[in-house]
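Asker: Residues per chain, in single letters:
Protein chains: 2
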Amino acid sequence: MTTVYAAIDRPTLLLDATRARRNIARMAAKAQRHQLRFRPHFKTHQSASIGAWFRTAGVQAITVSSVAMACYFAEHGWDDITIAFPVNVREIVAINALAARLRLHLLVENLAAVDLLATQLTAPVAIWIEIDAGYRRSGVAWDDRATLVALAQRVAACERMALQGLLTHDGGTYAARTHTAIADAYTTTVNRLNHARDWLAEHGFAGLEVSIGDTPACSVLDDFGRVNEMRPGNFVFYDWMQVEIGACTWDDVATVVACPVVSIHPERNDVILYGGAVHLSKESLRRADGSPNFGAVVLLEEDGWSAPLSDAWVRSLSQEHGIVHAGAAAFAALTSHTQIGGLLGIVPVHSCLTADLLKHYLTLEGERLTMAPIPSPMA
Amino acid sequence: MTTVYAAIDRPTLLLDATRARRNIARMAAKAQRHQLRFRPHFKTHQSASIGAWFRTAGVQAITVSSVAMACYFAEHGWDDITIAFPVNVREIVAINALAARLRLHLLVENLAAVDLLATQLTAPVAIWIEIDAGYRRSGVAWDDRATLVALAQRVAACERMALQGLLTHDGGTYAARTHTAIADAYTTTVNRLNHARDWLAEHGFAGLEVSIGDTPACSVLDDFGRVNEMRPGNFVFYDWMQVEIGACTWDDVATVVACPVVSIHPERNDVILYGGAVHLSKESLRRADGSPNFGAVVLLEEDGWSAPLSDAWVRSLSQEHGIVHAGAAAFAALTSHTQIGGLLGIVPVHSCLTADLLKHYLTLEGERLTMAPIPSPMA
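Residue numbers (my numbering), protein chains in the order written: chain A, 35 to 413; chain B, 35 to 413.
Derived by calculation from the structure, the hints in this document are not laboratory data. Hints are supplied without guarantee of correctness; some may be wrong.
Same chains, same names: a pair is fine if it fits in one copy or spans any two.
Claimed, not checked - In the SDA-like style, the derived pairs of lysine to any residue whose C-alpha atoms are separated by at most 25 Å in a straight line are: (1) 64 x 150; (2) 393 x 105; (3) 393 x 217; (4) 393 x 235; (5) 393 x 188; (6) 64 x 134; (7) 393 x 102; (8) 64 x 39; (9) 64 x 133; (10) 393 x 238; (11) 393 x 262.
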């Protein structure tokens, strides 16, 4: 093992910087090839250091998921930021401070929030109408034509708001497991967004942009149709879920949690890790028998980590405990490589949540990278 | 709404200090009544300020789940600490530093870790053998007599280790839904622990203590049998899971996450909150139809919060979004009380994980309490 591993004493988020930078370069090149604005979502990494790698790849505009995250990246020199979350008017003070110093993009999806914004904004902002293209999270239903027009009109009536376009997050592609299914979900979404765009154009709002964002579609498609902007985030690291979806291969996955092995139970083929719900998150996939699956198991090697063991998984998580279960062959491979006092690597199901919990990265070269701090309430 | 609520701009962990202190006083009195050492688990709150409330209630010995947490509470004056997690020998430097300055209790459950400890400890520690009484997380199987004796012998052979007793966490009571089921699970566990204790006594290890820990049993039982110590943690706040189990009532639950309402969708009876997986955690209960349930919904009121709405729940969580769904009557109650720009309260499914994510408390009196910081790797 490298000396980097030797010094690890508790659950630690390892980052393969070569893979992450390759993921960034590939997506940036793809956006350029398709003449799309690349506005990557920084909620996945939440790190100014990793943000700098995007800048090197030519990125100038970014997406975040909270006002606090926008403040953090603004402090690190980013000046064109979309907060891709329905505007939270309770944060109007911070929103106004951001809008006064940079090009701030906000999402609206209801008239009440637009009215509150209209009376409270003190600086100009770009406005995107969030569209619900079928995912049923947030957004105006794509075919709710009356609300679309009403929203556009209210925005247009406020001199501090400039209507920029229509934006969606297509959560539907996360249910896909083949490229065809991803393409089908994407096509439906983009058609619906353009339906809404055309409707608004017919009602006096021409020239609106369309912004799409999910990592599965951005990763695998090569025809994006009539869109102007892409905002993927997870692709910088990928994770087990993206492998399951078919959005990436294991060789693209750039983060693994190194966990100390505190016990091995051969009588039940279980390995007990220091690495639990407060490190990995309780995001899970389902196994064929319906039981949950909280992470894939890799062996830490000199220059990174192995492919996942084909018959080993995190079967259970408590606050600090992770329990790896393995079939006979995988258990033998695992215990011949690692003993009590050693380390195992866990590929997160959902790297965004794992990174958010661990708040620090350790690169394979031994560099420590920090993330945005957790904001204090009412700070 | 109180002025405390008026200042909340993002997801904030509200703490009803009166309830938390009542929960502490009640459990302390119960331990005293049963002549049990009360060694509460501080992993739930992770806060020196809340720790001080336990001190007021007479608590002198505590439990934590990590070396980092032990260091934090040691810095805040606690000098009798059990790290209730199978010892992680990779943290031997910090363990030795703690052992040199306070009464440190470690858990062992395998010979490899004992051997590593024996060669690396530089200060005295108390040792507990962790017993697996059937939960199959960590611990020596209660009926693995050979390993029990071998462990006790190895510990006895090291002058820096003093064998103190047998300890378990009975995760089995979390599957219970009645007091009878909790009592049955508890009785089985305690019988198994005492079986192991008696076995060791017959083999030259007399006078060992037994330590039990789960909140359900400690909350509802009034006959603890042959045990010496109780280590419940969650009871300081309780949560929806504990209500489900029958360990507490809604009036005992001391924390709620105040979440800004960013959208209301009457066409599908959904309310969109700023409050997602990075605030609540993805811990879930199952609804009758098998769908997940990430939190209960309460209305924030002048002096705290309402009882949960009987037909409203958090149906879905993304990184920052929470989606509350409600039946017709609950939706009407909810939207007549709170509009876009207002706040809703969410009772966490598992308060330990929610507190760990939010890292700050806001009491109903407006006091802000902090928690242990997230440790940097290799710091």
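Asker: Take the hints in turn and mark each one as holding or not.
Answerer: Verification of the hints:
1. 64 x 150: neither (39 Å within a copy, 52 Å between copies)
2. 393 x 105: Both. Shortest intra-copy (17 Å) and inter-copy (19 Å) distances satisfy the 25 Å Cα cut-off.
3. 393 x 217: neither (34 Å within a copy, 41 Å between copies)
4. 393 x 235: Neither: 44 Å inside a chain and 47 Å across chains, both beyond 25 Å.
5. 393 x 188: neither (40 Å within a copy, 39 Å between copies)
6. 64 x 134: neither (33 Å within a copy, 58 Å between copies)
7. 393 x 102: both (15 Å within a copy, 15 Å between copies)
8. 64 x 39: neither (34 Å within a copy, 46 Å between copies)
9. 64 x 133: neither (30 Å within a copy, 56 Å between copies)
10. 393 x 238: Neither: 46 Å inside a copy, 48 Å across copies.
11. 393 x 262: neither (32 Å within a copy, 39 Å between copies)
Figure legend: structure checked against the earlier numbered hints; hints not met, in rising order: 1, 3, 4, 5, 6, 8, 9, 10, 11.
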